[in-house]
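Colleague: Sequence:
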Amino acid sequence: MSLQLRLQYQRNQVADEVSAITAVVRPILEGLLYALKGDVVAEVGGHEAVKLKMLPRLYRPGDRDCGICFEYAVHNALNRGEATVVERLEDAMKACRVPGVDPASLLFGLEKSGAFGLIDTVKNSLTDDSRLLTGARSQPPKLKRYINSIAAAFRKNDERALLPSSMSGLWKADLFVGHTDADRWVATTVKINPNHLEGASGLRIGIVPAREGASDIVRRDDSRNLVICPLPHDGAFMEVFYQGWGVVQQFMAADAFVPSEVRLPRQAERQVARYLEDRREFGVLDVIDALIPLAQPELLETEKMNAELISESATKPTLDAVVAPMPETKG
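At the far end of the sequence shown sits residue 331, using my numbering, and the numbering has no gaps.
I should point out that these hints are in silico values taken from the structure, not numbers from a laboratory. Be a bit skeptical, because a hint or two may be false.
Simulated pairs of lysine-lysine, DSS-like, Cα-Cα distance not exceeding 30 Å [stated by the list, open to error]:
no., residue 1, residue 2
1, Lys144, Lys156
2, Lys191, Lys51
3, Lys94, Lys156
4, Lys123, Lys37
5, Lys156, Lys123
6, Lys142, Lys123
7, Lys172, Lys156
8, Lys142, Lys156
9, Lys53, Lys191
10, Lys51, Lys156
11, Lys142, Lys51
12, Lys172, Lys94
13, Lys94, Lys191
14, Lys53, Lys37
15, Lys172, Lys142
16, Lys156, Lys37
17, Lys123, Lys51
18, Lys172, Lys144
19, Lys37, Lys144
20, Lys51, Lys37
21, Lys142, Lys94
22, Lys94, Lys144
23, Lys191, Lys144
24, Lys142, Lys191
25, Lys123, Lys94
26, Lys172, Lys191
27, Lys156, Lys191
28, Lys144, Lys123
29, Lys123, Lys172
Across the chosen pairs, the derived CB separations fall in these ranges [claimed, not checked]:
no., residue 1, residue 2, range
30, Ser138, Gly45, 18 to 24 Å
31, Arg224, Asp16, 34 to 40 Å
32, Asp102, Lys123, 27 to 33 Å
33, Met54, Lys123, 29 to 35 Å
34, Asp286, Asn124, 18 to 24 Å
35, Glu281, Val40, 16 to 22 Å
Where a beta carbon is used, it is the ideal one built from N, C-alpha and C, also for glycine.
Taking the hints into account, I'd like the entire structure generated from these sequences.
Modeller: Pasting the structure below:
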């Protein structure tokens with residue numbers, strides 16, 4: 001019999017600082033756009049009509065803004081193959097016994113003004129055979145069938161009692177992460193403040209920033225019934241996220257112009273602010289799309305191959321695929 005190998009090569013070197021910050025500024029802008037109050041967005045004609053120069057005037061800073069943008073940034077980083085995020089989430093999914101090798105994220109946070117659009121996007125991304133791994137010792141439920149019920153449970157307390165007990169806390173999910181090849185998913189909560197992390201029935205993974213001086217290994221927290229997935233800081237995802245958050249906040253405070261040098265002294269950060277100022281007359285969603293070529297490209301490329309197994313046992317192996325990270329090749 002053969003074993004499928006999937007070798008993950010680092011396709012590109014870690015990009016220059018400007019490209020890395022640009023990559024994380026895109027989901028931050030998206031997070032702020034969808035954090036706007038629904039009635040304000042409706043007044044200007046919908047999210048598509050909000051120009052970048054209007055964002056500072058419509059935006060009202062709130063305690064949860066950074067957290068919402070963190071959710072978008074993690075979701076985006078996983079889907080574009082940001083190595084330090086993909087590696088940690090793969091370890092967390094392995095702890096949850098999620099089969100498959102092609103990682104993906106579905107954004108599901110229901111507290112945002114564009115939540116109904118997110119629900120439709122999730123439903124369209126799932127298949128009729130998409131299964132949710134809740135951790136219960138039973139047949140994994142078909143996720144697509146329950147999406148509307150989960151959304152209703154977020155809006156109304158009495159709807160929560162109608163969910164199966166193994167899924168009763170799914171209305172707290174921010175992401176569904178999983179592997180598209182196996183079509184198996186786990187509900188995930190994302191918190192910028194680790195102190196706010198809470199477990200709930202059906203939630204499997206908790207994503208938080210790594211704490212200074214504390215262990216950043218993926219681990220199981222029995223008190224919350226979650227696999228904790230800390231994202232590293234120095235020279236990695238969290239450092240770039242906070243840089244991007246600072247650029248956007250200073251840009252907004254300067255009414256969508258490049259801030260003064262004292263407010264944004266680093267050249268790389270000022271360059272990203274210039275990218276934004278040059279596009280201030282365009283819609284936020286168009287700007288997010290226009291920045292794709294300027295952002296850090298995907299880091300991981302997967303090569304599939306089959307390897308013949310030579311077994312000294314009559315027992316059939318239970319493993320049919322292996323993911324192997326490979327070092328970057330030069331030349």
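Colleague: All hints are to be evaluated individually against the structure, with a verdict given for each.
Modeller: We went through each hint and held it up to the structure:
Note on Lys144 and Lys156: the hinted pairing holds, with a Cα-Cα distance of about 20 Å set against a maximum of 30 Å. Between the alpha carbons of Lys191 and Lys51 the distance comes to roughly 29 Å, so the proposed pair stays at or under 30 Å and holds. The straight-line distance between the Cα atoms of Lys94 and Lys156 is roughly 34 Å, outside the 30 Å bound, and the hint therefore fails. Distance check on the hinted pair: Lys123 and Lys37 sit about 24 Å apart at the alpha-carbon level, within 30 Å; holds.
The hinted pair formed by Lys156 and Lys123 meets the criterion: a straight-line CA distance of about 20 Å does not exceed 30 Å. Distance check on the hinted pair: Lys142 and Lys123 sit about 12 Å apart at the alpha-carbon level, within 30 Å; holds. A C-alpha spacing of about 13 Å is found between Lys172 and Lys156, which places the hinted pair at or below 30 Å, so the restraint holds. Our distance criterion of 30 Å between C-alpha atoms is met by Lys142 and Lys156, whose separation comes to about 22 Å.
In summary, the hint linking Lys53 to Lys191 is supported, as the alpha carbons are separated by about 29 Å, within the 30 Å threshold. Restraint check for Lys51 and Lys156: not satisfied, since their Cα atoms lie roughly 33 Å apart, outside the 30 Å limit. A C-alpha spacing of about 39 Å is found between Lys142 and Lys51, which places the hinted pair above 30 Å, so the restraint is violated. About 22 Å separates the Cα atoms of Lys172 and Lys94, which keeps this hinted pair within 30 Å; it holds.
Note on Lys94 and Lys191: the hinted pairing holds, with a Cα-Cα distance of about 21 Å set against a maximum of 30 Å. With a C-alpha separation of about 17 Å, the suggested pair Lys53 and Lys37 falls inside the 30 Å cut-off, and the hint holds. Of the supplied pair hints, the one linking Lys172 and Lys142 holds, its CA atoms being roughly 18 Å apart against a limit of 30 Å. A distance of roughly 19 Å separates the Cα atoms of Lys156 and Lys37; the hinted pair therefore holds under the 30 Å criterion.
Only pairs whose Cα atoms come within 30 Å are accepted, and Lys123 paired with Lys51 is accepted, the gap being roughly 28 Å. Using a Cα cut-off of 30 Å, the hinted pair Lys172 and Lys144 holds, with the two alpha carbons roughly 17 Å apart. With a C-alpha separation of about 28 Å, the suggested pair Lys37 and Lys144 falls inside the 30 Å cut-off, and the hint holds. As the CA atoms of Lys51 and Lys37 are separated by approximately 16 Å, the hinted pair is consistent with the 30 Å bound.
Distance hint between Lys142 and Lys94 is fulfilled; the C-alpha atoms sit about 20 Å from each other, no more than 30 Å. Between Lys94 and Lys144 the CA atoms are separated by roughly 23 Å; this keeps the pair inside 30 Å, and the hint holds. Annotation: proposed proximity of Lys191 to Lys144 holds, straight-line Cα distance about 25 Å (limit 30 Å). A hinted pair counts as satisfied when its Cα atoms are at most 30 Å apart, and Lys142 with Lys191 qualifies at roughly 26 Å.
Of the supplied pair hints, the one linking Lys123 and Lys94 holds, its CA atoms being roughly 25 Å apart against a limit of 30 Å. A threshold of 30 Å between alpha carbons decides the hint, and for Lys172 with Lys191 the separation of about 11 Å falls inside it, so the pair holds. Of the pairs offered as hints, the one joining Lys156 and Lys191 holds, with about 23 Å between alpha carbons and a cut-off of 30 Å not exceeded. Annotation: proposed proximity of Lys144 to Lys123 holds, straight-line Cα distance about 6 Å (limit 30 Å).
Pair hint Lys123 plus Lys172 holds up; C-alpha atoms about 17 Å apart against a cutoff of 30 Å. At about 47 Å, the beta-carbon gap between Ser138 and Gly45 misses the expected band of 18 to 24 Å. Separated by about 38 Å at the C-beta atoms, Arg224 and Asp16 satisfy the suggested range of 34 to 40 Å. Checking the proposed 27 to 33 Å range against Asp102 and Lys123 shows it is violated: the Cβ atoms sit about 20 Å from each other.
For Met54 and Lys123, the hinted distance range of 29 to 35 Å is satisfied, since their beta carbons lie about 30 Å from each other. For Asp286 paired with Asn124, a C-beta distance near 22 Å keeps the hint of 18 to 24 Å intact. The hint said 16 to 22 Å for the Cβ distance between Glu281 and Val40, and at roughly 20 Å that hint holds.
Hint compliance for this structure: hints 3, 10, 11, 30, 32 are not met, and every other hint is.
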